[in-house]
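Chemist: One-letter residues, chain by chain:
2 protein chains.
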Amino acid sequence: MSDFGTLESRVRRKSLLSKVCKAEDTIKYFQAGQNLLWSGFTPAGYPKEVPIALANHVKANNLQGKMKFNLFIGASVGAETENVWAELDMIDRRWPYQTGKNIAAGINAGRIRMGDKHLGLFAQDISYGFYTENGRYDIGIIEVSAITEDCGLALTTSCGIVAEAINLCDKIIIEVNTGQPSFEGMHDIHMQQKPPHRAPFLITEAGSRIGTPYVPCDPDKIIAVVESKRRDKGRAFADEDDTSAAIAGHIMDFFTHEIKKGRLPENLLPLQSGVGSIANAVIGGLAKGPFSDLTVFTEVLQDTMLDFFDGGNLKVASACSLSLSEDPGFPRFFDNWEKYFDKIILRPLSISNAPEPIRRLGCIAMNTPVEIDIFAHANSTLVGGTRMINGIGGSGDYLRNGYLKMMHTPSARPSKTDPTGISCVVPHCSHIDHTEHDLDCVITEQGLADLRGLAPKDRARKIIEKCAHPDYKDQLTEYLKIAEKECLAKGVGHEPQLWDRAFKMHLNLAQNGTMKVKNWDVKVDLCE
Amino acid sequence: MSDFGTLESRVRRKSLLSKVCKAEDTIKYFQAGQNLLWSGFTPAGYPKEVPIALANHVKANNLQGKMKFNLFIGASVGAETENVWAELDMIDRRWPYQTGKNIAAGINAGRIRMGDKHLGLFAQDISYGFYTENGRYDIGIIEVSAITEDCGLALTTSCGIVAEAINLCDKIIIEVNTGQPSFEGMHDIHMQQKPPHRAPFLITEAGSRIGTPYVPCDPDKIIAVVESKRRDKGRAFADEDDTSAAIAGHIMDFFTHEIKKGRLPENLLPLQSGVGSIANAVIGGLAKGPFSDLTVFTEVLQDTMLDFFDGGNLKVASACSLSLSEDPGFPRFFDNWEKYFDKIILRPLSISNAPEPIRRLGCIAMNTPVEIDIFAHANSTLVGGTRMINGIGGSGDYLRNGYLKMMHTPSARPSKTDPTGISCVVPHCSHIDHTEHDLDCVITEQGLADLRGLAPKDRARKIIEKCAHPDYKDQLTEYLKIAEKECLAKGVGHEPQLWDRAFKMHLNLAQNGTMKVKNWDVKVDLCE
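Protein sequences, first through last, are from chains B and S. Those letters in the first sequence? Residues 1 to 528, per UniProt numbering, in order. Those letters in the second sequence? Residues 1 to 528, per UniProt numbering, in order.
Check the hints yourself; a few may be wrong.
For identical chains, the list gives no copy identity; a pair is met inside one copy or between any two copies.
[Stated by the list, open to error] Here are the simulated DSS-like cross-link-like pairs (lysine-lysine), alpha carbons at most 27 Å apart as the crow flies:
{"no.": "1", "residue 1": "Lys-101", "residue 2": "Lys-457"}
{"no.": "2", "residue 1": "Lys-261", "residue 2": "Lys-194"}
{"no.": "3", "residue 1": "Lys-518", "residue 2": "Lys-490"}
{"no.": "4", "residue 1": "Lys-221", "residue 2": "Lys-261"}
{"no.": "5", "residue 1": "Lys-171", "residue 2": "Lys-19"}
{"no.": "6", "residue 1": "Lys-28", "residue 2": "Lys-518"}
{"no.": "7", "residue 1": "Lys-339", "residue 2": "Lys-315"}
{"no.": "8", "residue 1": "Lys-462", "residue 2": "Lys-473"}
{"no.": "9", "residue 1": "Lys-315", "residue 2": "Lys-194"}
{"no.": "10", "residue 1": "Lys-66", "residue 2": "Lys-485"}
{"no.": "11", "residue 1": "Lys-518", "residue 2": "Lys-288"}
{"no.": "12", "residue 1": "Lys-194", "residue 2": "Lys-260"}
{"no.": "13", "residue 1": "Lys-457", "residue 2": "Lys-66"}
{"no.": "14", "residue 1": "Lys-481", "residue 2": "Lys-339"}
Please keep in mind that the hints were generated in silico from the structure rather than gathered at the bench.
Please build the complete structure, drawing on both the sequences and the hints.
Modeler: Given below as structure tokens:
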């Protein structure tokens, strides 16, 4: 495929053709301090021409730090937009997720005020009016495939928060992407009212369609239509390695066991799989695995989802975003368009990540944390408890509401000086995004700890036994032993911790480059 | 009311009359190690005769520690049952919530293995087969008001997990409570299938009824029918004091503000209010307040709910449990039966606490934590991070899914030696049950911190300013200042913490009886 149709053929609402202009022509609408809503979700379906033109304008006119915006988007977007904006000091507030070296640096340096929110909550909370003084936003920038005669927006590779945005923005700029095929028909848009007038989502399987393919838009709000030929800058993932293959293997074995026990149907339940290399490998494992007739109900579809379809095991996939790599993902997708198109449903974030369908369908939720602790709390957001990576994303939406709530991580990672300097199993997480009340299973390349029905101390022993890296097993066991002893002596032994020493591994990493420590019995007096 | 009908009139399934026996006659069915499911939710609707007979049996025969059971109940039950069982060392495992001095002592001493789970998850997870080896339970003990001709169970003051229990137990013992009126007709029982065959809950307002008043039960499973005249031993709450009145006042002001801003309807949205004195006072405030035509969609109805109805502001209340005090709550309720009966709907825990209706209806969630931290994480379960109180209960079910997610607490509590020795606002919670991604507002008697849309450091400043006790404002500000400075120097300033000192207040409390500390700038070297 290479001829994707003209702008004129894509814009079927002919009155809008008078609003066609170049990206540069929209710069006049922007001024510092505005609240902006964009389409996009992970590097998929985000506006490109206008943000890039604005960045060029700021650069050319030395407006760094003088033209800052508050940026609200369903999730992260491509680095050529938000990350360049961060580099040019064009972002004041950023909600609820982000990706990019510069933007992370800006957040951690305190220049960018970011808040990360469960994505499924964010989508509804903006519609409730929670993020700006009057609940309104100045400009929405929305990438579309096409515009229907009655001004329905056919979106591109993601739905994100567009359904909410078109009601919350006073002005809308449309980017029509003619650099790729039209995704018209892939989306299932269901417009919700606010409480107390909300109705059930009548989704009873991953493939249910409950709405229309279009986001209805008031044509009078559209102030500009810009043609774009830029494609999504999706990341390619690392190939499967021994660690991710071992993790995928443990998960396959566990599924087989659960089917035998009668706790999972033969075709499992709808799968949710987070973003990243391990999640990608797990889906790769399922593509080759023994289970067939599977369905996916998730947030983001990544490259291995194509293998999953190709292998014949996957019937249908529902997501908020089709987030393939720029190469080889999208070219492969476009070359086999007919094979995939009808099997994919893209939904608004407020539905893909809503507790209602996730719980009703009984999703199997699988996500990767930064670290987990022995009692099964998980840190998904802040390295060392203080440094923001990307945000919580949708992990909580799925882990709280799924049928099985699973987290997978390597047991250890390299520090600068020690190949296993960072243990991903710690006495106490330095930041907690998912609690012990949420998780059913923890998986590392070492094994799978099935925590269902276990009390805290039993969980701790199981996690250390099954999941900790051999370099850390003894020291974690020693910590637990001493914590149990010292706490029991005070009659507070339900979930033993030593608050003068719980972060010793983290502090040692910061100071000495490794989490390997000894002498847990040395008490520290912090009192006065 | 004093004549509540005979056992014969209550048991309309006449074939069951042959199974009527004394509680003592059921002892033969019990043996150590069994998995038991009980009706009950908070001290409401739990079996009494059989558990008390079993306890007497253990005591009389010196079987302490030799007759231990695994006890799975919707939530806590009356102290005369589970707490006495704990005293007699009759409990091995206890899920997912409990109340009582002895049972808490047993858990903290490590004799009783307890796990606390979001109650809404627990109800579904037992039906998934997650808590026992084969997913089955030996005996269910269920309190009912009546049994219909076709063996439908009309429950009493709570629904709890009975709808799940009758399918999971091999044997069922029924207690028919003739010591109080029959609650037949108050319950709305909807039997769910497991995924992937689950259907939507068609609840669109707090008062929606979607099922029948009865739990269908296989009569062949019923091995005994015992008459009981014992009433629920509900606790009375402390009268409203200045602190809880001030908290209620801040919440009323906030609601008024939100209505003005167009973010809440004039009759608010369905209210959820946690268990305890502050929650009780908030409902008391609403009973006297300016808002009318209100609805409640919650987990537990407490005494002030009667004031709320009497004041005329409350239309309807949906809950899992009618948990009134033994005196004056229940006598008042029984004396005004007609006034209240039709306005109350009792639902199964798996529906009262399900994310689906909570989010659809847009509940206003209000709960009390043990402590909150400056970044808006909350501890609901473990004092000092290690000592179990009751469990997380349903707080997470509502706080994650509500329209507004609010937590209220006194700003400080007395320690043994200092009237304000415990600050309920700390640098970092010693246990985290609700995360910064969940909470919208924190309220103490000092004020209300509206955290919506605030980045972590802005949240911290707001919480200290609005919520901290005056005795702690300076020291929390000082901690934040030093944490910001030290973290920024390392470029990790998104959510600043000092891991060598974050628990200094907690450690000082344990050692010196107060959280009042100084000298945050003194670093501690934990490394080797």
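Chemist: So, for every hint listed, does it hold in this structure?
Modeler: Hints versus structure:
Taking the closest pair of Cα atoms, Lys-101 and Lys-457 come within 27 Å of each other only across two copies (21 Å); inside a single copy the shortest separation is 39 Å, beyond that limit. Proximity of Lys-261 and Lys-194 under a CA criterion of 27 Å is satisfied inter-copy only: 15 Å between copies versus 42 Å inside one chain copy. In this assembly of identical chains, the alpha carbons of Lys-518 and Lys-490 lie at most 27 Å apart whether taken from the same copy (24 Å) or from different copies (26 Å). Proximity of Lys-221 and Lys-261 under a CA criterion of 27 Å is satisfied inter-copy only: 24 Å between copies versus 56 Å inside one chain copy.
For the identical chains of this complex, Lys-171 and Lys-19 are intra-copy neighbours only, at 13 Å inside a copy versus 73 Å across copies, given an alpha-carbon limit of 27 Å. Taking CA atoms no more than 27 Å apart as the test, Lys-28 paired with Lys-518 passes in neither setting, with 62 Å inside one copy and 53 Å between copies. Taking the shortest Cα distances, Lys-339 and Lys-315 sit within 27 Å of each other inside one copy (11 Å), while across copies they are farther apart (54 Å). Only within a single protomer do Lys-462 and Lys-473 lie at most 27 Å apart by alpha-carbon distance; the minimum there is 11 Å, versus 41 Å between protomers.
For the identical chains of this complex, Lys-315 and Lys-194 are inter-copy neighbours only, at 21 Å across copies versus 33 Å inside a copy, given an alpha-carbon limit of 27 Å. Taking CA atoms no more than 27 Å apart as the test, Lys-66 paired with Lys-485 passes between copies only; the shortest distance there is 26 Å, against 58 Å inside one copy. For a Cα distance limit of 27 Å, the shortest separation of Lys-518 from Lys-288 qualifies neither inside one copy, at 43 Å, nor across copies, at 60 Å. Proximity of Lys-194 and Lys-260 under a CA criterion of 27 Å is satisfied inter-copy only: 17 Å between copies versus 43 Å inside one chain copy.
For the identical chains of this complex, Lys-457 and Lys-66 are inter-copy neighbours only, at 23 Å across copies versus 54 Å inside a copy, given an alpha-carbon limit of 27 Å. For a Cα distance limit of 27 Å, the shortest separation of Lys-481 from Lys-339 qualifies neither inside one copy, at 56 Å, nor across copies, at 57 Å.
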